[in-house]
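2 protein chains.
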Amino acid sequence: MGVMRSWVAGADGSDFPLENLPLGVFRRADGKACIGSAIGDSILDLRAAADARLLQKELAAACREDALNALMAMGRGASQALRERMQELLSGAGARARVEPLLVSRAGAEMLLPARIGGYTDFYASVYHATNVGRLFRPENPLLPNYKWVPIGYHGRASSIVVSGAEVRRPSGQTKAADAKEPSFGPSKALDYELEVGFFVGQGNRLGEPIPLAEAERHVFGLCLLNDWSARDVQAWEYQPLGPFLGKNFATTISPWIVTLEALEPFRATALKRPEGDPKPLKYLDSADDRASGGFDVTLEVWLRTAQMREPVRVSRGNLRDLYWTLAQMLTHHTSNGCNLQPGDLLATGTVSGALADSVGSLLEMTRRGAEPLMLPGGETRKFLETGDEVILRGYCEREGCARIGFGECRGVVV
Amino acid sequence: MGVMRSWVAGADGSDFPLENLPLGVFRRADGKACIGSAIGDSILDLRAAADARLLQKELAAACREDALNALMAMGRGASQALRERMQELLSGAGARARVEPLLVSRAGAEMLLPARIGGYTDFYASVYHATNVGRLFRPENPLLPNYKWVPIGYHGRASSIVVSGAEVRRPSGQTKAADAKEPSFGPSKALDYELEVGFFVGQGNRLGEPIPLAEAERHVFGLCLLNDWSARDVQAWEYQPLGPFLGKNFATTISPWIVTLEALEPFRATALKRPEGDPKPLKYLDSADDRASGGFDVTLEVWLRTAQMREPVRVSRGNLRDLYWTLAQMLTHHTSNGCNLQPGDLLATGTVSGALADSVGSLLEMTRRGAEPLMLPGGETRKFLETGDEVILRGYCEREGCARIGFGECRGVVV
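Taken in sequence, the protein lines are chains A and B. First residue of the first sequence? That's 496 in our numbering, and the numbers climb one at a time after it. First residue of the second sequence? That's 496 in our numbering, and the numbers climb one at a time after it.
Hints in this document: simulated from the structure, not taken from any laboratory. Since the structure is predicted, the reported quantities are computational estimates derived from the model, not experimental observations. Be aware that one or more of the hints could be misleading.
What the hints assert, rightly or not - If you only want the chain B side, here are some residues facing chain A, beta carbon under 8 Å, derived: (1) H650; (2) S667; (3) K676; (4) W732; (5) G865; (6) L869; (7) G873.
Said to hold, decoys possible - No more than 25 Å apart at the CA atoms, straight line, and that leaves these computed lysine to any residue pairs for SDA-like: (8) K768(A) x A852(A); (9) K778(A) x E875(B); (10) K778(B) x K778(A); (11) K684(B) x A565(B).
Each residue gets a CB set at the ideal place from its N, CA and C atoms; glycine is no exception.
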């Protein structure tokens with residue numbers, strides 16, 4: 496697969512070349528929330544493109560909305576058609592005169608949430624993360640017996656999902672130190688990030704009608720970066736027996752651009768090979784196709800900038816490929832009891848950690864719950880996040896002979 | 496407080512007298528989803544009332560919507576004003592000629608979900624339920640150390656909430672018998688109901704701005720009955736460490752009529768008295784007012800009709816008053832970390848069980864996980880629900896000198 500050329504300056508070789516064309520929602524100078532696609536340093540205003548009659552009728556209608564839900568509901572065929580049309584418009588010299596006026600500078604654009612997120616579900620798909628965390632809380636029994644059978648997940652809070660750049664307030668909550676007799680209420684002292692990937696549901700399913708594994712990816716619209724901010728002290732005291740609640744639902748940050756599955760095709764990978772002795776997944780979660788190409792080779796990085804630093808520093812680097820469960824397995828499992836997913840629903844992988852020490856996706860793991868503080872250049876150390884710390888998630892795909900596909904950034908400052 | 500008279504036949508003494516006026520959404524003969532209020536055997540069509548200029552302007556606009564969210568967002572003042580106006584219209588002889596044509600028969604009306612439910616959160620507020628369930632799963636340690644400090648809750652799934660009358664399909668899922676070597680996938684063999692009360696959020700709060708206890712009830716719009724259908728075998732295998740997921744999210748049924756807090760005022764009760772030795776709640780969850788009148792005296796019943804029965808039989812009776820945490824405490828706790836609630840969000844109490852054997856709100860508790868089957872008239876027995884079983888929840892308030900306030904029914908048949 497060769498690299499395509501766009502007439503948009505700065506597109507080739509950037510996070511957002513012609514092969515990417517991620518979708519998002521931005522606020523236009525006239526105040527309207529508009530759907531757009533990132534190309535180089537610009538945004539192609541798709542509402543304006545629709546108004547200029549550059550899009551086929553149904554696509555134009557969906558692109559005039561203020562969120563991506565309508566386009567998502569149309570299914571993979573529609574996002575494929577929109578992608579092809581945008582590639583035509585942004586590469587053909589013939590269209591340039593009509594399309595160039597529809598470009599907006601990314602630098603000044605305010606990005607909004609890309610969709611109205613009805614339901615948000617967070618999984619726990621990294622066996623490295625589950626083992627690291629399990630070891631801290633249950634040293635004798637780090638990985639629970641269900642882990643290798645069930646893609647463990649739980650419902651998160653959709654209302655507190657914010658877009659990259661929004662400040663994150665340190666939450667207060669009940670915590671109880673191990674040696675304290677009673678809990679107390681106050682600001683969390685163990686605020687953490689979690690490096691995750693979110694994936695948006697395109698076409699949904701009806702209540703009572705599970706989505707089989709072979710069809711699961713047809714219901715995935717695209718991917719984004721996701722920071723599942725976590726107050727570890729609140730979480731530790733509250734999470735039994737019904738799971739995380741206030742330790743998580745004060746804020747979740749996502750990157751503004753949804754990278755479509757079409758853009759990720761060249762970066763498919765084999766799913767994580769299960770170690771000898773691990774069980775084979777049950778039949779509803781197992782297929783040769785999914786094993787062969789259900790993974791995605793996306794490099795994921797966490798960068799941190801404290802209030803004292805001029806530039807952020809990278810604190811970890813992992814890969815989406817390292818998950819124990821594929822996106823398709825998670826989605827199929829979610830609907831296996833008949834639960835209905837709707838266009839715009841967000842699923843997330845859970846913290847993406849790898850096998851290596853520098854590939855873990857949370858401070859909890861990196862510092863072993865604060866026992867081994869992270870050393871930063873300049874002499875600062877971190878057990879958990881401090882006020883003024885900015886966490887920046889980055890993601891990208893790179894492969895010889897292919898255009899780089901970037902996810903952009905997912906940023907948040909603790910205030 | 497005396498009993499008010501309505502000119503609507505059958506209103507006085509019914510579940511839905513002039514003192515109740517619960518709000519819901521029904522499908523009108525012309526196919527439109529309309530907001531209405533139940534009065535006796537009728538529904539007052541509030542869209543029609545708005546169109547007939549019988550409502551003040553802002554109320555009229557909210558009542559022309561196809562869901563209650565806009566009215567909810569206006570806050571308690573608006574629901575109070577609407578209530579007073581409806582009482583005028585439905586009691587004054589002068590208005591009768593104009594209002595009578597706006598009544599629709601309840602018998603033939605299709606009820607819809609009353610609101611677009613953005614977020615659904617389920618609590619665990621009955622200490623009897625928590626203890627009963629804990630004893631089955633952790634005999635040595637039934638009640639976890641956090642229970643008496645934290646109003647435990649978790650996020651549920653909003654998309655699979657259905658309205659009374661909808662069939663409930665038995666879900667499939669992964670289960671593992673205690674003596675089995677491996678789990679398997681198939682229809683749940685331990686389908687259960689949970690008797691709960693749901694409460695809808697009226698005015699919301701902004702992200703980062705907790706709602707103090709003294710203001711919590713101003714954010715509650717009203718209450719309904721809720722059946723949190725549960726597949727116990729799926730739940731038991733999946734729920735650690737992140738809580739219930741597929742064991743719950745295949746269906747949740749709610750009653751169609753939201754009984755407002757205004758209607759429940761005469762049935763306020765003292766909160767459950769904490770036994771000697773229990774901790775005092777932390778300050779953010781404690782107030783003299785809430786202790787004195789944060790409870791509600793609502794009788795709650797579970798009725799069961801198997802496929803062989805002509806009439807349902809009552810299998811339990813409890814009371815909402817018996818919760819360990821008040822509605823206000825749950826709502827305040829939910830926002831205590833800054834989590835934002837939105838108009839139309841649904842919170843639920845968790846299973847309402849009382850101290851007595853016949854006041855437990857689930858089969859899990861009643862049959863001790865199937866060990867002591869429930870004997871039904873006619874000789875049938877039940878460990879868990881069987882296909883064709885219909886579960887009917889009922890709720891009502893009764894007090895000498897007050898009109899009865901009914902919740903109507905929350906029904907569902909297992910198919």
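Right, here's what the structure says about each hint:
1. H650: With a closest approach of 4 Å, the H650(B) hint holds.
2. S667: holds, 6 Å
3. K676: violated, 10 Å
4. W732: Check passed: Cβ of W732(B) comes within 6 Å of chain A, closer than 8 Å.
5. G865: Since chain A brings no Cβ nearer than about 20 Å to G865(B), farther than 8 Å, the hint is violated.
6. L869: violated, 25 Å
7. G873: For G873(B), the interface hint is violated, since the closest Cβ of chain A sits about 30 Å away, which is over 8 Å.
8. K768(A) x A852(A): Given that 25 Å is the threshold and the Cα spacing comes to 20 Å, the pair holds.
9. K778(A) x E875(B): Outside the cut-off at roughly 36 Å; violated.
10. K778(B) x K778(A): Judged against 25 Å, a Cα distance of about 51 Å means the pair is violated.
11. K684(B) x A565(B): violated, 41 Å
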